[in-house]
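J.: Below, each chain spelled out in residue letters.
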Amino acid sequence: MKKRIATVSLAGCFGCHMSLLDIDERILELVKLVEFDRSPINDFKKFRARCDIGFVEGGCCNEENVHTLRDFRKNCDVLVGVGQCAVMGGLPVMRNAIMHSDDPLRECLETAYLNSPYVYNPANDIPNDPALPLILDKVYTCSEVVKMDYHIPGCPPSGDVLWQTIVALLSGNPSDLPGEIIKFD
Amino acid sequence: MDKIIIRIDGAEIKGKPGQTIMQAADDAGIHIPRLCDVEGLEPQGSCRVCTVKVNGRTAASCTQPVADGMEVENDTLEIRNYRRDLVRMLFHEGNHLCPCCEASGRCELQNLAYQLGILQPDKYPYLQPVRPVDASHPDVMLDTNRCIRCGRCIRASIQLDHKNVFGYIGRGINKQVGVNGKNLAQTNVDIHDKAVALGTCPVGCIIQKRAGFFDPIGKRRFDLHPAGTKVEDS
Chain D
2 MKKRIATVSL AGCFGCHMSL LDIDERILEL VKLVEFDRSP INDFKKFRAR
52 CDIGFVEGGC CNEENVHTLR DFRKNCDVLV GVGQCAVMGG LPVMRNAIMH
102 SDDPLRECLE TAYLNSPYVY NPANDIPNDP ALPLILDKVY TCSEVVKMDY
152 HIPGCPPSGD VLWQTIVALL SGNPSDLPGE IIKFD
Chain F
855 MDKIIIRIDG AEIKGKPGQT IMQAADDAGI HIPRLCDVEG LEPQGSCRVC
905 TVKVNGRTAA SCTQPVADGM EVENDTLEIR NYRRDLVRML FHEGNHLCPC
955 CEASGRCELQ NLAYQLGILQ PDKYPYLQPV RPVDASHPDV MLDTNRCIRC
1005 GRCIRASIQL DHKNVFGYIG RGINKQVGVN GKNLAQTNVD IHDKAVALGT
1055 CPVGCIIQKR AGFFDPIGKR RFDLHPAGTK VEDS
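Sequences listed follow chains D and F, in order.
Read left to right, the first sequence gives residues 2 to 186 (the numbering used here).
Read left to right, the second sequence gives residues 855 to 1088 (the numbering used here).
FYI, nobody ran anything at the bench for these hints, they're computed from the structure.
Given the structure is predicted, the values throughout are model-derived calculations rather than measurements.
Some hints could be false.
[Unchecked claim] When the alpha-carbon atoms are kept at most 16 Å apart in a straight line, the in silico EDC-like pairs for lysine to aspartate or glutamate are as follows: (1) D/Lys148 - F/Asp976; (2) F/Lys977 - D/Asp150; (3) F/Lys977 - D/Glu145; (4) D/Lys184 - F/Glu956; (5) F/Lys1073 - D/Asp186; (6) F/Lys868 - F/Asp922; (7) D/Lys75 - D/Asp53; (8) D/Lys75 - D/Asp150; (9) D/Lys184 - F/Asp1077.
Based on the sequences and whatever the hints tell you, model everything.
T.: If you want it as structure tokens, here you go:
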């Protein structure tokens, strides 16, 4: 039976998903072995069945990210954090330390929407439509929100790293996860 | 006595009087990882990454002098685990954002992490401290988010430049590297100083302006000599 894989991009840039496409023609082998469930690759927005492996790109910067990540934990046997953002917050986490003040989130939003010299915002509003997910007080790493089984660092991890990770997990030998080709950048 | 015989992981090597274990190991081509020690500066023994076991007790090999008959454990599981945890803690203590750091690829901390096989950096919580960036000087910048307090810039400034640009401030967890003035522009630092030279700072804390990202990926220092394949040349 084919294994089911789900993927998602939270507070990431989709670079890790681009990297997944970098496995090139090996994707033909991959589709023989796995079936994609919820993923931006097939644009399924909801889980259709329980999955064997979930790949999570990005950390959590808003409440929707947290709901999605918990949903993944509930529906996936093995959860793999992919990329530097999932592992330690990545570039979004800079707002935790650098946008510091008594009210860091407000300072962050005001810089983004009101005070930056490149902003054109005649209404002087910070977007607050109820349809927008609420932004969290700071950016959280995936393992601060749910239990993660593995982490693959890299920005992004190369196609080879992702391929070796998938092969190791599918063959049931997580100790074969790639070591020597892992990079943090 | 002018010849000292010590054994590192069972291999017999010769040392000279006054040498440290690390110097003797370097001469014999045995690799001991290090961060705060660099050739040309007085050893300080603060990072403890070069920890070895000497006759069953841990010691920093960069400061421990050789003595005849020493039994040194270097590349053992126990010592590797100590070193891995030390390097992990350095990563968790500061804000080390490799993807956007100028030093990525030539960073000794990053290289050490690869060398020690740190793949899943989530053993400890990230402290995410609030630390300043000092961009006041026209040629040199300090991003203290990346500082690991190895003190190499402090020693280089005193011992090689005969200035006193950098120094330690505070104690314990609050210990940090400060500059001799309100900010870097107020000090007598110069772009040609050894203290701010490329390779003095093992991480990306001291940055020369207009010189970042000059080596493409694949041609950076540790891309050319991957982790652990040779004794440090710096």
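J.: None of the hints should be skipped; say for each whether it holds.
T.: A quick look at each hint next to the structure:
no., hint, verdict
1, D/Lys148 - F/Asp976, "holds (11 Å)"
2, F/Lys977 - D/Asp150, "holds (12 Å)"
3, F/Lys977 - D/Glu145, "holds (11 Å)"
4, D/Lys184 - F/Glu956, "holds (15 Å)"
5, F/Lys1073 - D/Asp186, "holds (14 Å)"
6, F/Lys868 - F/Asp922, "holds (9 Å)"
7, D/Lys75 - D/Asp53, "holds (11 Å)"
8, D/Lys75 - D/Asp150, "holds (13 Å)"
9, D/Lys184 - F/Asp1077, "holds (10 Å)"
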